[in-house]
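Here's the letter readout for the chains.
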Amino acid sequence: MAHVSDLIARDIEQYLKAHERKSLLRFITCGSVDDGKSTLIGRLLYESKLLFEDQLAALAADSKKIGTQGGDLDFALLLDGLTAEREQGITIDVAYRLFSTDKRKFIVADTPGHEQYTRNMVTGASTADVAVILVDARKGVVTQTRRHSYLVSLLGIRRVALAINKLDLVGYAKDVVDRIEQDYRAFARQIGLTEVVCIPVSALKGDNVTAPSANTPWYHGTTLMGYLETVAVDDEAQTGPFRMPVQWVNRPNLDFRGFSGRIVGGSIRPGDRVRVLPSGKESTVARIVTKDGDLEQAVAGQSITLTLGDEVDVSRGDMLAAADAPPGIADQFEAVVIWMDEHQMLPGRPYLLKIGAKTVGVTIATPKYKVNVDTLEHLAAKTLHLNEIGVCNLNVDQAVAFDPYAENRDTGGFILIDRLTNNTIGAGLLHFALRRSQNIHWQAIEVDKKAHAALKGQRPCVVWFTGLSGSGKSTIANLVEKKLYALGRHTCLLDGDNVRHGLNKDLGFTEADRVENIRRVAEVARLMVDAGLIVLVSFISPFRAERRFARALVAEGEFCEVFVDTPLDVAEQRDTKGLYKKARRGELKNFTGIDSPYEPAEHAEVRLDTVALAPEDNAELIVDHLRRMGVLEPL
Amino acid sequence: MTTLTHLERLEAESIDIMREAVAESEKPVMLYSIGKDSSVMLHLAMKAFFPSKPPFPLLHVDTTWKFREMIEFRGKTARDLGLELIVHVNPEALAMGISPFTHGSAVHTDIWKTQGLKQALDKYGFDAAFGGARRDEERSRAKERIFSFRSAQHRWDPKMQRPELWRLYNARKNQGESMRVFPLSNWTELDVWQYIHRENIPVVPLYFARKRPVVEREGALIMVDDERMPLAAGERPVQKSVRFRTLGCYPLTGAIESEAATLTAIIQEMLLATTSERQGRVIDFDSSGSMEKKKQEGYF
Chain Z
4 MAHVSDLIAR DIEQYLKAHE RKSLLRFITC GSVDDGKSTL IGRLLYESKL
54 LFEDQLAALA ADSKKIGTQG GDLDFALLLD GLTAEREQGI TIDVAYRLFS
104 TDKRKFIVAD TPGHEQYTRN MVTGASTADV AVILVDARKG VVTQTRRHSY
154 LVSLLGIRRV ALAINKLDLV GYAKDVVDRI EQDYRAFARQ IGLTEVVCIP
204 VSALKGDNVT APSANTPWYH GTTLMGYLET VAVDDEAQTG PFRMPVQWVN
254 RPNLDFRGFS GRIVGGSIRP GDRVRVLPSG KESTVARIVT KDGDLEQAVA
304 GQSITLTLGD EVDVSRGDML AAADAPPGIA DQFEAVVIWM DEHQMLPGRP
354 YLLKIGAKTV GVTIATPKYK VNVDTLEHLA AKTLHLNEIG VCNLNVDQAV
404 AFDPYAENRD TGGFILIDRL TNNTIGAGLL HFALRRSQNI HWQAIEVDKK
454 AHAALKGQRP CVVWFTGLSG SGKSTIANLV EKKLYALGRH TCLLDGDNVR
504 HGLNKDLGFT EADRVENIRR VAEVARLMVD AGLIVLVSFI SPFRAERRFA
554 RALVAEGEFC EVFVDTPLDV AEQRDTKGLY KKARRGELKN FTGIDSPYEP
604 AEHAEVRLDT VALAPEDNAE LIVDHLRRMG VLEPL
Chain D
16 MTTLTHLERL EAESIDIMRE AVAESEKPVM LYSIGKDSSV MLHLAMKAFF
66 PSKPPFPLLH VDTTWKFREM IEFRGKTARD LGLELIVHVN PEALAMGISP
116 FTHGSAVHTD IWKTQGLKQA LDKYGFDAAF GGARRDEERS RAKERIFSFR
166 SAQHRWDPKM QRPELWRLYN ARKNQGESMR VFPLSNWTEL DVWQYIHREN
216 IPVVPLYFAR KRPVVEREGA LIMVDDERMP LAAGERPVQK SVRFRTLGCY
266 PLTGAIESEA ATLTAIIQEM LLATTSERQG RVIDFDSSGS MEKKKQEGYF
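Here the protein sequences come in this chain order: Z and D. Counting along the first sequence from 1, when you hit position 489 you're at 492 in my numbering, and nothing is skipped either side. Counting along the second sequence from 1, when you hit position 164 you're at 179 in my numbering, and nothing is skipped either side.
These are computed hints drawn from the structure, not numbers from a lab. In this text, all values refer to a predicted model and were calculated from it rather than measured experimentally. Hints may be right or wrong, so weigh each one.
Using 30 angstroms as the maximum straight-line C-alpha spacing, the simulated DSBU-like pairs for lysine-lysine come out as follows [stated by the list, open to error]:
hint, chain 1, residue 1, chain 2, residue 2
1, D, Lys138, D, Lys62
2, D, Lys62, Z, Lys284
3, Z, Lys106, D, Lys62
4, Z, Lys385, D, Lys42
5, Z, Lys294, D, Lys42
6, Z, Lys67, D, Lys174
7, D, Lys62, Z, Lys25
8, D, Lys62, Z, Lys294
9, Z, Lys68, D, Lys174
10, Z, Lys20, D, Lys42
Next comes chain Z alone, as it looks inside the complex (with noise of 0.2 angstroms):
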């Protein structure tokens, strides 16, 4: 690796000293499909002279294989990670190469410009310092360039470096360059991107790249390696005030009890007050701890432990912050939701929300509007697909401390994570806390559940079928409801077919409204049960996230889910309603077991099976099971 200073072979000593004060800047590059972006990366690597001989072999040899540049080097080559991407001749995912100078170290974050990958940009533009936009010269500032300054933008990346790119191709000519420059200020004003410079390159043949090139003697500005060698780096995070979300709670002994994480805003000295959220209590920091010693003072990136002079409780998850400059805390936010997942966003559904240390249960409510990423359009949106960015109203199940994210990107900025699968689908950026979260209290009611329960004698429960059509759930739930009103129980029956004629009558039967259908139900299963009341609830509830959602809502013990398991095939034979006749000629769509998936009961209290058991049996296995719970008394 031919870093280029003699140094190295004269005094090394005095090198690596000079190496240990090199700074880090991280970037994302970001282009269309065909301007050259993994060449821009290859040649940069190159020209650095950071490829060693036998990288260069393979390339050599790759690019006659599979290479597009008739056997000439194909930098591009360089980048493209996985054996089938390679083979597709596509990067289809984030990748991060690094290399560094002799001034800098670098971390580039190299993403696809297909339309279809939003969320590899906005993944890779959510680490990165600076933006580097390619354009074709030939093309100019197109659809995609518009796309990709706004996604930059909206992550609150403020320095971009305009690369023209192919000027080979328009004879090095000034006036395209300037038109160019001209077009895309103008559009750069508009989204809030002010730190641009543009530098008219040629990738392929070096111009510009890291020596100012011979054909362009009009230009008189930085190359774009001397760009990305000197633009300024992590000054505006340490200018904030003091931010840290506490990881862990460090306590080796009886003696010592700190708290580490990573510095995200501002700055700290032993001394400071510190607040704690969302506690509110206060503090001072005594000690910042590290392996190295006590440190006077600590900055915005760096990972660090910390005492406090007072025995406040601080876990995991909480948030220190400046005591005289301290985040919001809320749990309604409007945010931008950006959707990274195949799976739609559901308004309603429950999810999770990671901040900073905190995971938190979260819902997101219909959006506001969509936004078209071409034209800035908003759009009226019921869902968020794969891509799609929109603002949206969040519900979390506790409040949490924050900033909106154009003050702290690390404060402000969320993912959202599906409860089944555990992946991350979706990520946002709070703009700010809703005013109702913060003036509307629970009321504290005095005659609650218990009272309610006691004055009927009973335990209230839920008692919650699920299964397909026609596997017999109605028929059984109203026979339990009678042997409990036989026993003298007070209860109610929410039947699927009877709700959706009043409560539920604006809903379709697209997953969206069957999520809503199913939360609507959940929830008035809990006002019942705190009514006192044995509540029997009969809906196909084909998901397992709503089910786990309605067993969320109430008590420990006051859950019984049944699983009415008759096969598809009995239950279609069956077909009491004719609609299974009418889903499988096509007349109905998204039908549960046709064309609409059901997810079985994992966890189900009482497995029914239709097929071996009479109606009456199985209502009888329900009562049982009620007794041992203790809903009933035992016999």
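Once you have looked at the hints, place chain D on chain Z.
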């Protein structure tokens, strides 16, 4: 304004990653391979949890074919730092007498290392394992996440990777599934050596040049580390001043001729060098994209 240096930023990031992994897992472990990357990772762990000890054991998946000096260093390191060291030797490989000389590097690596690692993770029920891999080592590593999800069968699916945004790592998993965590993802070989220099971190002496008995095979200098190494007719080990850029099983690790006997000398030699470090590793050469295939099967 304090501008952090690149090593300070890398150090802070690695510590952040380790703390997060420990906080989000039930039974973490550090895969300790004895090499320079492991030395750096361990050093970072000592910092991350100070004044506590790192709250996890070290695990070495031993193939019985490691350099003897590596094994000595392993024991000394664990003793000096007062950490628990688990050494796992795949009993099936032992029974079958798997050796790189008779079975070839592919079978050797698969059975001793890949299968051995899976056995060890299953046996102790570790749900998060730190590894010292770096993104600059090999092309398929460049796309792997820092928190890399593995199925209950330990498989890696490059198409099903979780997006990793900001410093928010999603470490959630179901029973039986696990995470591989790579705190050194953003380090390069040069960063590692510079950090070893800055922090004065002990490394296995094999990295420094010394006269060692070697034979030349298919262009690689292989050290004759013990009597198990079969010599061809007429093949005689010769004493050469050599060192190693990476360490693994001695029959599969090529030495380079060098006089660099100090840390600064090897950094100097590396900066002036013209070949990358994995060149000395025989396993990457089996077939194109071979590292990617191994990783899908559960290799680190």
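Here's how the hints hold up against the structure:
1. About 29 angstroms separates the Cα atoms of Lys138/D and Lys62/D, which keeps this hinted pair within 30 angstroms; it holds.
2. Of the pairs offered as hints, the one joining Lys62/D and Lys284/Z holds, with about 28 angstroms between alpha carbons and a cut-off of 30 angstroms not exceeded.
3. Distance restraint check for Lys106/Z and Lys62/D: the Cα-Cα separation of roughly 27 angstroms lies within the 30 angstroms cut-off, and the hinted pair is therefore satisfied.
4. Only pairs whose Cα atoms come within 30 angstroms are accepted, and Lys385/Z paired with Lys42/D is rejected, the gap being roughly 42 angstroms.
5. Taking the CA atoms of Lys294/Z and Lys42/D, the gap is near 24 angstroms; set against the 30 angstroms cutoff, the hint holds.
6. Under the criterion of a C-alpha separation no larger than 30 angstroms, the hint pairing Lys67/Z with Lys174/D is consistent with the structure, at around 28 angstroms.
7. Using a Cα cut-off of 30 angstroms, the hinted pair Lys62/D and Lys25/Z holds, with the two alpha carbons roughly 22 angstroms apart.
8. Restraint check: the Cα-Cα separation between Lys62/D and Lys294/Z comes to about 5 angstroms, which is no more than 30 angstroms; the hinted pair holds.
9. With a C-alpha separation of about 25 angstroms, the suggested pair Lys68/Z and Lys174/D falls inside the 30 angstroms cut-off, and the hint holds.
10. Between Lys20/Z and Lys42/D, the direct Cα distance comes to roughly 40 angstroms. Violation of the 30 angstroms bound is thereby established for this hinted pair.
Hint compliance for this structure: hints 4 and 10 are not met, and every other hint is.
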